[in-house]
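So the sequence lines, in the order shown, correspond to chains A and B.
Just so we're aligned: 31 in this note's numbering is position 31 of the first sequence, and the numbers increase by one with no gaps anywhere.
Just so we're aligned: 231 in this note's numbering is position 231 of the second sequence, and the numbers increase by one with no gaps anywhere.
Simulated from the structure, these hints should not be mistaken for laboratory data.
Using N, Cα and C, we set each Cβ at its ideal position, and we do this for glycine too.
Reference listing, derived: stretches of chain B covered by chain A, where coverage requires no fewer than 3 residues with Cβ under 8 angstroms from a Cβ of chain A:
#1 3-16
#2 45-58
#3 98-109
For the chain A half of the interface with chain B, some residues (derived, Cβ under 8 angstroms), not all of them:
#4 Asn21
#5 Thr23
#6 Leu43
#7 Gly44
#8 Asp45
#9 Gly47
#10 Thr50
#11 Lys56
#12 Val58
#13 Leu62
#14 Ser110
#15 Ala129
#16 Gly132
In the BS3-like style, the derived pairs of lysine-lysine whose C-alpha atoms are separated by at most 27 angstroms in a straight line are:
#17 A:Lys2 / B:Lys44
#18 A:Lys142 / B:Lys191
#19 B:Lys29 / A:Lys56
#20 B:Lys191 / B:Lys42
#21 B:Lys29 / A:Lys2
#22 B:Lys42 / A:Lys56
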Amino acid sequence: MKTIIQMTVNGELVESAVEPNRTLLQFLREDLDLTGTKHGCGLGDCGACTVILDGKPVNSCLVLAVQAHGREVLTIEGLAENGNLHPIQQAFVDKGAIQCGFCTPGMILSAKALLDENPKPSELEIRTAISGNLCRCTGYQKIVEAVQEAATVIDGTEVSS
Amino acid sequence: MLLPKFEYHEPSTLQDALNLLSELGGNAKVLAGGTDLLVRMKQKIDRPSHVISIARVPGLDAIIPRNGHGVTIGGAVSAGAISRHELLNDRFLPLALAAGRLGAPMIRNRATIGGNLVNARPAADLPPPCMVLNAEFKLKSASGEREVAAVEFFRGPGEADIEPNELLVSINVETPMPWTGGSYIKLGARKTLEISMVNVAALITLQSPDGVITDARIALGAVAPTPVRAYAAEELLIGEKPTDELFERAGMTGVGLCSPITDHRGTMEYRCMMIEVLVKRSLKQAVERAKSWKP
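Using the sequences and the hints given, assemble the complete structure.
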């Protein structure tokens with residue numbers, strides 16, 4: 001039986017009727033056409049489906065859409081503002097931290113959740129924060145450098161503004 | 001990977017949750033964090049016709065200190081919340097450390113302590129720290145409640161002392177004595193998203209910073225069908241001054257209490273060698289922390 005759910009996705013309130021066995025990942029990709037969130041292993045091992053749920057990164061393949069009822073979801077589509085990339089996205093571009101790109105949305109959201117809580121992370125803290133996001137191109141070094149760069153940029157913006 | 005169909009229940013009170021459990025019992029599974037259950041359902045290992053989410057039952061996700069005497073941790077508290085909690089890091093360190101090693105950051109934000117305990121996997125992260133902290137698990141059903149000691153709870157791989165109509169509502173732990181230190185060491189082939197090859201939790205209480213050991217508790221995971229307390233190794237330590245030589249003997253005794261298997265994660269021989277090393281290492285860490293205990 002379908003249930004009516006409401007949640008905030010990237011700042012917008014959405015309402016829909018879903019079957020209980022629909023995952024948040026399916027709901028985002030198939031019902032809302034937000035295909036930036038990737039479907040990888042489906043078992044919580046790869047992190048490609050990472051979204052931020054009420055401020056915390058989670059594997060959206062292991063969350064039911066009905067469990068996100070009343071909650072706030074941020075996907076990769078919600079990061080850019082007025083056509084400008086988020087500083088983390090820009091740093092990934094600048095540092096060459098994207099190869100095939102499949103892990104990138106998840107990596108960036110894990111990095112965002114980290115920087116929101118800890119604006120000046122150590123290299124170890126960055127590596128821990130992205131430890132559930134697998135990159136099969138193994139471009140980890142450049143990803144870590146991109147997060148360090150983003151932290152500096154975000155920190156600089158906040159000081160000057 | 002698709003989830004099979006099921007009927008979904010989302011009780012908003014504990015009583016409703018318990019009533020549903022007693023009605024549906026064996027046909028229902030409790031959904032807490034979902035990091036085990038949803039995986040098992042996708043893999044068609046579990047096919048419950050009803051799923052009861054406890055996410056909206058108030059209070060189950062709370063960590064409540066009890067006046068310095070101890071702490072009550074709700075069954076639906078996430079591993080992430082445990083690993084970040086100040087009091088748990090201060091006084092119940094083995095549990096906070098183990099919660100911080102479970103899965104990966106995203107898994108820790110969903111996975112719950114209740115789920116990790118009830119699933120009773122031999123290599124799970126949270127049973128050994130609960131065992132050394134002498135935790136008591138409170139189980140409730142529509143018709144009553146009971147407490148089970150952590151050391152009595154685990155029966156076999158995937159089997160725990162909990163009935164289909166019961167819910168693990170909280171984990172109660174007494175605050176360890178002054179001059180107590182703890183540790184948790186997890187050995188795997190990698191640092192994250194790993195299932196332990198061997199894991200060890202230890203808790204040591206000293207008479208004074210340079211005094212003898214007055215209490216010692218060691219629990220091991222992934223070395224037997226259930227996590228085990230190494231009582232014989234503990235007895236060896238009590239009343240003695242902590243030395244490397246003593247810890248080495250405790251490690252050797254610890255090996256004799258385990259019955260590890262050979263599987264794709266490691267061989268029986270390697271596990272035995274590592275039990276010895278990790279017991280020694282975890283005791284050393286626990287004693288260092290006991291010496292620097294602060295009121």
